[in-house]
Amino acid sequence: MKKLNSKILILSPPQILAISFFIIILIGTLLLKLPIATTGSINWIDALFTATSATTVTGLIVIDTAVSFTRFGQTIIMIMIQFGGIGLMTFAIFTLLIIGRKITFKQRLLLSSSFNQDAPGGVVRLVKLLMSFVVIVEGIAFIILALDWIPKYGWSDGLFHSLFHTISAFNNAGFSTWTDSLMGHVNDPVVNIVITFLFIVGGIGFTVIADLKAHKDWLPLTLHTKLMLIGTLILNVISLLVIFTIEYNNPLKLSLLLEQLDYLWG
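The working numbering applies: residue 1 is where the sequence shown begins, and numbers increase by one.
Derived by calculation from the structure, the hints in this document are not laboratory data.
These figures come from a predicted structure and were not determined experimentally.
Note that CB positions come from ideal geometry on N, CA and C, so glycine has one too.
Errors might be hidden in some of the hints.
[Said to hold, decoys possible] In the DSS-like style, the derived pairs of lysine-lysine whose C-alpha atoms are separated by at most 25 angstroms in a straight line are:
#1 Lys-226 / Lys-102
#2 Lys-128 / Lys-33
#3 Lys-102 / Lys-128
#4 Lys-226 / Lys-152
#5 Lys-213 / Lys-226
#6 Lys-216 / Lys-226
[Said to hold, decoys possible] DEER-style ranges, computed between Cβ atoms:
#7 Gly-205 / Ser-181: 41 to 47 angstroms
#8 Thr-95 / Phe-72: 20 to 26 angstroms
#9 Leu-229 / Pro-35: 44 to 50 angstroms
#10 Trp-155 / Gly-205: 30 to 36 angstroms
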């Protein structure tokens with residue numbers, strides 16, 4: 001055990017982070033192969049691919065998430081998305097903070113590496129801000145989607161669909177509990193606004209959010225924050241205008257301008 005601990009201690013923070021992701025993927029693969037996780041039998045490659053895609057929030061699938069996996073399997077995928085999007089080390093450190101444990105210098109180095117920070121100073125504060133931000137944003141989005149979907153799908157399905165798509169969208173994972181993804185809600189402005197908001201806010205990143213909280217003015221913001229904000233605004237506006245222009249004369253387009261913009265935005 002001492003030899004194992006000594007080997008772990010000499011690993012660099014990036015190596016430990018890579019190993020932690022590998023462990024999540026391995027555990028996720030094993031869980032997705034359980035009979036309770038699937039509606040039928042899936043092979044090891046499909047289970048591994050799904051676990052990897054969920055943990056790395058890639059959004060690629062080789063089998064239909066809605067058809068091939070049970071609620072248990074979809075829950076495992078949802079948990080992997082959350083772990084992968086926020087980071088295992090972030091969850092671990094936050095748990096230690098909750099139970100009152102002291103955060104060691106080694107753990108601070110791991111955190112700074114996961115957040116791409118040059119120094120470990122202030123990373124614990126960043127974790128607290130990050131987790132608070134996640135809980136607030138995902139909590140509000142979940143409630144709004146639940147209010148929209150519970151009347152349509154009932155309490156059980158409505159709550160689960162709301163939670164799954166909130167986590168998937170916020171972490172930019174792209175997974176859905178429906179075969180046609182969110183195409184069935186293309187005319188639902190609530191879904192379009194909430195999901196796109198989650199994608200944008202989650203895609204901007206936590207370091208940008210922390211920078212915005214620390215600096216109220218534009219000039220003190222870091223170059224990374226400025227590029228992310230400007231780039232996100234430009235890409236979204238240009239994409240909206242290009243698609244609107246291309247589809248303007250489409251005979252299948254919606255009649256009202258507001259409906260068209262809502263459809264294109266979603």
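Consistency of the hints with the structure:
no., hint, result
1, Lys-226 / Lys-102, "34 angstroms, violated"
2, Lys-128 / Lys-33, "35 angstroms, violated"
3, Lys-102 / Lys-128, "14 angstroms, holds"
4, Lys-226 / Lys-152, "41 angstroms, violated"
5, Lys-213 / Lys-226, "14 angstroms, holds"
6, Lys-216 / Lys-226, "13 angstroms, holds"
7, Gly-205 / Ser-181: 41 to 47 angstroms, "24 angstroms, violated"
8, Thr-95 / Phe-72: 20 to 26 angstroms, "23 angstroms, holds"
9, Leu-229 / Pro-35: 44 to 50 angstroms, "47 angstroms, holds"
10, Trp-155 / Gly-205: 30 to 36 angstroms, "34 angstroms, holds"
Violation of the numbered hints given earlier is confined to hints 1, 2, 4, 7; the remaining hints are satisfied by the structure.
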